[in-house]
Structures are given as structure tokens and as C-alpha cells.
Amino acid sequence: MHIVVAIKHIPSIADELPVRHNNIDFDSVDFVLNEWDEHSIEQAVLIKEAVGGTVTVIGVDVIGELDNALHLALAKGADRAVKIAAEEPGADSHQQAKWLAEAIQNMSPDLILSGVQASNDLDGQLGPLIAAYLDLPYIGGTSAIEVTNGKAMVLKEFPGGIGMRYEIALPFVAGVQAAPKPPRYAPVSKVRQIAQTAKVETIEPGEGESGGLRFLKMAPPVVTGHAEMIQGTAKEIAARIVELLKSRGLL
Amino acid sequence: MSGDVMVITEHMEGKFSDVSFELVGKARELAEAFGGESIALVLGGGVDASVFASHATLHVADAALNHFNPEAYARVIEALVKERSPRLVMFGWTVIGMDLAAWLSGRMGVPCVAYAKDVRVENGALIVSSQAYGGKLIAEVSPEGEMAIVACLAGSFPAEAGHGSTQATVIPSPVDLGGLKMKFLEVIKPEAGDVDITTQTKLVAVGRGIGGKENIELAEELAEKLGAVVCASRPVVDAGWLPRTRQVGKSGLKVKPKLYFMLGISGAPEHLEGMKDAELIIAINTDKKAPIFNVAHYGAVADLFEVTEAMLELL
Chain A
1 MHIVVAIKHI PSIADELPVR HNNIDFDSVD FVLNEWDEHS IEQAVLIKEA
51 VGGTVTVIGV DVIGELDNAL HLALAKGADR AVKIAAEEPG ADSHQQAKWL
101 AEAIQNMSPD LILSGVQASN DLDGQLGPLI AAYLDLPYIG GTSAIEVTNG
151 KAMVLKEFPG GIGMRYEIAL PFVAGVQAAP KPPRYAPVSK VRQIAQTAKV
201 ETIEPGEGES GGLRFLKMAP PVVTGHAEMI QGTAKEIAAR IVELLKSRGL
251 L
Chain B
1 MSGDVMVITE HMEGKFSDVS FELVGKAREL AEAFGGESIA LVLGGGVDAS
51 VFASHATLHV ADAALNHFNP EAYARVIEAL VKERSPRLVM FGWTVIGMDL
101 AAWLSGRMGV PCVAYAKDVR VENGALIVSS QAYGGKLIAE VSPEGEMAIV
151 ACLAGSFPAE AGHGSTQATV IPSPVDLGGL KMKFLEVIKP EAGDVDITTQ
201 TKLVAVGRGI GGKENIELAE ELAEKLGAVV CASRPVVDAG WLPRTRQVGK
251 SGLKVKPKLY FMLGISGAPE HLEGMKDAEL IIAINTDKKA PIFNVAHYGA
301 VADLFEVTEA MLELL
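Residue numbers (the working numbering), protein chains in the order written: chain A, 1 to 251; chain B, 1 to 315.
None of these hints come from the bench; they were simulated from the model.
Don't be surprised by glycine CBs; every beta carbon is placed ideally from N, CA and C.
One or more of the hints may lead you astray.
[Stated by the list, open to error] Computed beta-carbon distance windows for the label pairs:
#1 B/Thr198 / A/Glu146: 27 to 37 Å
#2 A/Asp79 / B/Glu160: 50 to 60 Å
#3 A/His21 / B/Lys189: 44 to 54 Å
#4 A/Met1 / B/Val170: 35 to 45 Å
#5 B/Glu160 / A/Phe215: 28 to 38 Å
#6 B/Gln167 / A/Thr54: 51 to 61 Å
#7 A/Asp79 / B/Gly35: 47 to 57 Å
[Stated by the list, open to error] Computed cross-link-like contacts, BS3-like style, restricted to lysine-lysine with a CA-CA straight-line distance of at most 25 Å:
#8 A/Lys217 / B/Lys289
#9 A/Lys235 / B/Lys258
#10 B/Lys256 / A/Lys246
#11 A/Lys181 / B/Lys189
#12 A/Lys190 / B/Lys213
#13 B/Lys189 / B/Lys15
#14 B/Lys225 / A/Lys246
#15 A/Lys48 / B/Lys183
#16 B/Lys288 / A/Lys217
#17 B/Lys189 / A/Lys151
Just chain A, with the same shape it has in the complex (with noise of 0.2 Å):
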């Protein structure tokens, strides 16, 4: 059972985003792994726990600093971790799936796991453009996949808490929504020792070819409204918003 996991390096919406030349200004603003990557590398491990077989966890390294959530999915229990070398801050979904595709097509997998969205998935997710390129079936916002026998039980979330459950011959490429168990935390010492011995396969990027998005102009939304603003301390605020409820007869 050989597990791949395609991970994503995204601008952090915790922080301001600066725009240049209709896109985000990508020299001001810190990279983080996608949150729902998080859900998928769990998802990967729990399989792994349960019937055995490897993990490899790859991304495209789009500004050098991929090192870091590699060495989590292995402190976490991957196996193995990948980097496409591309240094494109930019480089959108549909270029960093076709690198993606190209190298996990050398694994021969037997699953392929991503999160099952992005913030910056402005041209679509990644997993569905490996399966595409792979000539795979894509099922995303999974929250529970077991294997046996060389089928997968997945279930599927539905708006309202409703489940759909899927029985899927392997391979396929999965879309994460969210492991059944909340991803395990790893110790910073571990993570560490990780850093020191883990050898991180390095794959250069080969043609790659972008979604066709020109892009004519980024800016934050028009507002139309904006909240009434309450200032002062916590005590003030929690006295305005008590008095506030009581005027509403809400309390």
C-alpha cells in the first residue's frame, strides 16, 4: 500500500496581503501548509496504522521553504517526503498539478490524498487536476477512508451533517476534508531531530503549464457595509454588547 500525499504551500490569510502587479505581492507575505493538507497527512497515517505500507508526502516547493511542513509529515509518521524544486510563488494550481502528476505517476500509488481545498485555489484544486491528468476519479470532502482488499470505504460529506458512502477501487485521488481522528500534534523535539537526519528528495520541475487566468486586477472586496465598531476595553465592550442585547430584548 503505497499512500501519496500532495501537499500545498499557500500566502497565510492569518496576515495582510499586499498586492503588486494584480496578484499578491508574494516577497511580503509568509507561507504556510494548507490547513486541510493538515487532515490529509492524518488521513494518510491512520491508513497506514491500520493496514500497513508507506506514506510519501510531496509538494511544490514554491519559495524555498517547503523543508518545514515536510519534516512535520514525517515527525507526524510519513515515510517519505518530496519537493519540486520550482520556486514559482506563483506557479497556480494547474502548474503545480502537472509537476505533481508527472512525479507521482513514477510512484505507482495506490491512493493519492490532498486537502480538498485551498484559499489560493483561484483555477481549482489540486486534486482533482492530478486525477484529471492522471486519467484517475477524484472524490473530495472526505471525512473517513479505510482500505481492504483493494478497495477504499469512503465517506463523503453533504451539506446538514448528511454522509454519502462510496465504495472505490484503488487508485483514485481523494479530496481531504477532514481525517476521522483531528490531526495528531508532533513534538517540536521530534520535529527537530527530523530536521537533522531526514534526507528530503529534491525532483526539478519539469514543463508545467498554468490554468490560462490572465489576471486583470486583486484588490480587497468592496464593502458595502461595515460593522458598527465598538471600541474600548474588553469590560467596555461586554457592557455595550450586554446593553445592546437587553435594548434588542434579546436578554
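Chain A is fixed; fit chain B onto it per the hints.
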């Protein structure tokens, strides 16, 4: 290449989702601008497909498509898109559309715009506004080439314009639906027992800012004092801090309470989809640029723990 605009509709338990009508209404307008027709595509039986205002409705009523099967849907859509060469294919950016739009884009080698909030035609060119980066930025993009795919956020267009009575044309599946790798097994309904957040008049909503499962108790305490129930944004539920039955938003439930009190939720478009119609929205967040402040009625840039503690003292 035609000027047609094809909409991939979605239905569950015999009912089309609102986003299907929203897309059909928009598709009509765009098709007219391109000099083509709007085509609603309905996959699967057990549903009355003659409910759209599209120029035409195609219905592949194969039983293999009755329940959403990503592989079956993808193969049928790919074949029909190849056969008809529309100018534009529209999906909802939903749990269904998200499985199909980018896959089709990769297969067809045509551009795809996700998180689409607006789609328009200017001087014959297609322009799409995409609300990416958690709603913090709007990108205006023009997809290159003669065909494009868009996946639109629910609630982006009025649904009324999509309602109609165009007689659906039943067509056979263009591909053999035997021998698929994916097999639909069953629908699992949520377990009864937990509170129903859609019927509550007051909700305390917690987001990633709550920090950890151990802090949920504080929100519970505040909710109790307010006569409210605790609900959450997706990351909190994905982390296992609250059950799925408490999740508000695109992949959770839609709520419309009298009070929606938000602690540490930035307001990603997916969350707004589920709560923007609440009567009174109050948001506490440490990020003064959090998109939620554009939607909330009242807001405060503050530490949610300090404000909650201070409120508990007053209540």
C-alpha cells in the same frame, strides 16, 4: 465552438439546490451576451427536470446517476461538453461542483475559475470575479481560450431568474456507466439527539480563534447565560472540538437566528453562506481586517476570551 452556456444542476432527494436556479438565471443572461443558448443539465432520475428558465434542459435520467457519484457525473459531463462545445460550463462551488469543475478543466485543457462571485461579458470577453484567500481579496480574471469553466459560490446571483418550466429533453447517457470504479453505497443521515441549531433563536458561534477544545466550555458558559446554543465554523468541527451537527456554513447548516454572536470567526465566504441572514450579528475578532466586519452589524477588535469573561461577570 458555440456561444452556449451549460449549467450543471444539483439535486438531492428530489429537490434542486438553490444554486442550480441561481446559475441557470445567470447562464441565460450570459448566453444571450454570447449569442448562444443556456442549457441546464440534469443528471439522475427521481426529479422533475422541467423547472428551469433555461433555453433548453437536457436530462440524463440514468439510475446510476440518481445519487451523486463523482466518477459517473464527471464522465457524463465530460462527454456532453466535448459533444456540444459550450462557451462556458457553470458549476456551483459546492460539495458536488468542487468534485467536478477542476477535474473537467484538467481533462479538457481549458481554464477554470473557482470561488466565482460574479461572471460577466465585456466586449465579448468573459470576466470572472473570484473571491479567494478566505474572502480577503477579489481577483478579476479573464480565462484564455474559447471555452471556460466557472464554479460559483452559492448566493452569488438571484435564484428567481432561474425558475421556469422549460420542458426537459431526456437523452441517453453518452457514456457506458457500467464498470465504474466508484460505487455509491448509502446515504447516512445525521444522528438525532443533538440540538438542532437551525431552530435556535440565539447562537454563540465559535471559530478557529477559540484555540482549542478546552476553551469550548467558556463559550458554552456564555451561551447558557444568554439562553443560546453553541455552534461553530468548519475548522472547529474538523478539529473535532464540536460535533458536525453544530457546523454552520456551506458544508454545514444554514441558520437564521435573532442573535448570532461570533467569537473568533474571520468570516470566510463558506461560513457567511450559512449565517448572513441572521437578524443581529455581533463579531469579536482580533484581526481588524477580518471580512466578518463587513457583514456583522456590530463588531469589536478584541481578545474573545477577555470579552467573554467580562460578559460572564455582567450576566
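Practice task
May I ask which of the numbered hints given earlier this structure violates, with the numbers listed in increasing order?
Solution key: none
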